[in-house]
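If you read the sequences in order, they're chains V and P. Residue numbers for the first sequence follow my numbering, so the first one is 37 and each next one is one higher. Residue numbers for the second sequence follow my numbering, so the first one is 37 and each next one is one higher.
Rather than coming from a laboratory, the hints here were simulated on the basis of the structure. Please read all numbers here as calculations on a predicted model, not as lab measurements. A couple of the hints might just be wrong.
The list makes no distinction among identical chains, and a pair is therefore deemed to hold if it is satisfied within one copy or across any two copies.
What the hints assert, rightly or not - Below, in silico cross-link-like pairs of lysine to aspartate or glutamate (EDC-like), each with a Cα-Cα straight-line distance of 20 Å or less:
#, residue 1, residue 2
1, LYS204, GLU381
2, LYS80, GLU130
3, LYS436, GLU169
Listed below, chain by chain, are the residues.
There are 2 protein chains.
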Amino acid sequence: MRVEHLHAVPHLTTALSGPLHDLESHLLTNQSTIEAWFRSEWIKTPAPFYASVDVRNAGFKVAPVDTNLFPAGFNNLNPAFLPLCIQAVQSALERLAPQARRIVIVPENHTRNRFYLASVATLQEILLKAGFEVRIGSLRPDLEGPSDFELPGGKHLTLEPLERQGDKVRVADFEPCIVLLNNDLAEGRPPILEDLAQVVLPPLELGWSNRLKSEHFAHYHQVAREFAARIDIDPWFIDPLFRNCGEINFMKREGENCLRKNVNALLEAIQKKYDEYGIDKAPFVVVKADAGTYGMGIMMVHDADEVVELNRKQRTKMAASKGGLAVTQVIMQEGIYTFETWGEEQAVAEPVVYLLDHFVVGGFYRVHTDRDVNENLNAPGMHFEPLAFAETCNNPDRSKAPDAHPNRFYTYGVIARLALLAAARENAEAV
Amino acid sequence: MRVEHLHAVPHLTTALSGPLHDLESHLLTNQSTIEAWFRSEWIKTPAPFYASVDVRNAGFKVAPVDTNLFPAGFNNLNPAFLPLCIQAVQSALERLAPQARRIVIVPENHTRNRFYLASVATLQEILLKAGFEVRIGSLRPDLEGPSDFELPGGKHLTLEPLERQGDKVRVADFEPCIVLLNNDLAEGRPPILEDLAQVVLPPLELGWSNRLKSEHFAHYHQVAREFAARIDIDPWFIDPLFRNCGEINFMKREGENCLRKNVNALLEAIQKKYDEYGIDKAPFVVVKADAGTYGMGIMMVHDADEVVELNRKQRTKMAASKGGLAVTQVIMQEGIYTFETWGEEQAVAEPVVYLLDHFVVGGFYRVHTDRDVNENLNAPGMHFEPLAFAETCNNPDRSKAPDAHPNRFYTYGVIARLALLAAARENAEAV
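The shape of chain V in the complex, shown without the other chains (with noise of 0.2 Å):
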């Protein structure tokens, strides 16, 4: 990461931003209602261990789109901040498993990803300078022993095959105290990893096999009304629409009814809400797997009829997930421009909120040069550069204008929080 991107902060287009310097404005203005209200929703409703959020800044409107609870990409977080990290991990831990010293990492299994890899030695970083043993232990099965992997930048990171042994797994002769899941078992539940003595962070529960993007947003959406309510704004400013189908299968072309009118309800309803906010843009519609993660199978309407004019190697994308799962159901979320750009080719920047328990630890904008405002940053395969946060999300300042740097990563950490609490929600009813 080049030393100038560590002290840097996209531009956000503020032709459309009137409405939200309301919110920004608002959420200063605000805070420390604001942060008693989260005190006490995170005392009824305990954050999950860690999570990602990827926020999309419009300019007139701030939401979460998606939110991971299996985060990667810490070796994207500022350096500057890591001792952020460091801290929060303490003052999870020491909620979560106080007499705890021994932590093992489960791993994606894909291990030819050195970017991912370089992501698992970060959070190894962390957890060992938070004053924890830590190993990695992998569930893929061709893995006979420790493996030692050669990560950008010259580091190293080794994996070891994870074993059980009655109630508990280990690493060779290392017993943890604490498994901690950084696979989103979008594939199901290992059978290895049920029924565990070890405490699990985050619960099985919150896998993606059992979980639902409609189910995350439904929560979000009763807390962005709860948190709009108190500091009396719309909540569709930082609530996007969204609506879900039954069992869809784009291979047989089955369900396309129900896309096509669920599709066409929402790009009715944010037409109205850009023309009571005066927005004189095209709605859009993101339509993806309602289970699953990294981007694949993800579309974007501006008409209902796309959605059943695909041709067969677009059903196809749309009909597989990661991990070969099929798409069955589709959530339909409120496209949301993104007004931050970057670099003199204006390249678009989409920020990614990193929190450890309830605290905001940083984050990264995907940095993109070749994608339009209203397209997918996440797309499978696709390339992003990394720009780290320049500044923490946890330290507004007042005596600059609602936008500044440190305002506007106040209001990123604000909105991941919310995802957060969703999430804490869907948790607190999933185990």
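With chain V fixed as given, assemble chain P onto it according to the hints.
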């Protein structure tokens, strides 16, 4: 504060650092043991709300020499680590007063010291950013209404008179949930703060009117023994020897024999340790008030006869402490050389470590150009240049040498937390 000062670290004379090298290596190697031990200790005895710990680094020995439970100097911390302070405060107050929203800080009365007021302003900023409403309630009897004070750098601080109403205190119409003492109560417990229904942090019992340094260091001695046993080192490497006398009257020359006897015994004990480890330095002893702060009434002694050969001026100085409190009890403490120097002039640099709850959030060096390595750096009216810690104390790097900067700061953080734990045990006994 000049920018280059935020990235600089004083030079540590390494000629004598052999055994210290061992100490720092031990701390690094045993990090997970150390952190697990601290975790279990904080469960048994929660840390006071905040503290600053004066540490001395003699190369062969690192130890605390003073623990302040009503710390000033927050304005001297590196602004880059403000987010760490914010997060630590959030974590602490969630535990101590989860429902709280409003805080009144009760500062010291000396409003002429603009640097002190700047510290109060920084503390207020940390609490504000952590999401609390914060006002300053002064005990000054001459304060009739809100008074605005200009601070270095053009900032402002508003003091308001603290008022009692029933079993609560307030400023104007602002009734806090938390009363945060930043006044060390050297002059006694103010009646206005007795028997409050509000949360008082730290408790009145920890004021200097109740506390004795010798009690603190008795606890510290025990903490150091337990800790040293864990990581298998001679506790002397982290523990300053000390003795105390009963009633002393410097003006009437009462108690001199006790002083002389104890200073002698201490000097002999130090010499024995110096011989054991081949340290070719002259032992010295620090004589100071057992209650109180601000470096008044402090004496450096290389020979027991010095304590009985004081002239009238020296006696007067030793007899009075802060707030006019007469020194009647003294503590004699092993003097620890300061072998950290700063700049071409090799100015002596003494680290002060800051803690919020049990989190080490930063620190600064007192840099003094005119003093010698065995002199007290916190003498009355003394001028020092603050040099903010360039790095945090929770981010050690095992890939670097044990005395590399991040590891030296980690060592300071460990020593400071040992002192904090001693204060926590004092607190548990007092309340």
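Results of checking the hints against the structure:
no. : hint            : in the structure
1   : LYS204 / GLU381 : neither (53 Å within a copy, 60 Å between copies)
2   : LYS80 / GLU130  : both (18 Å within a copy, 13 Å between copies)
3   : LYS436 / GLU169 : between (42 Å within a copy, 19 Å between copies)
Hint compliance for this structure: hint 1 is the single one not met.
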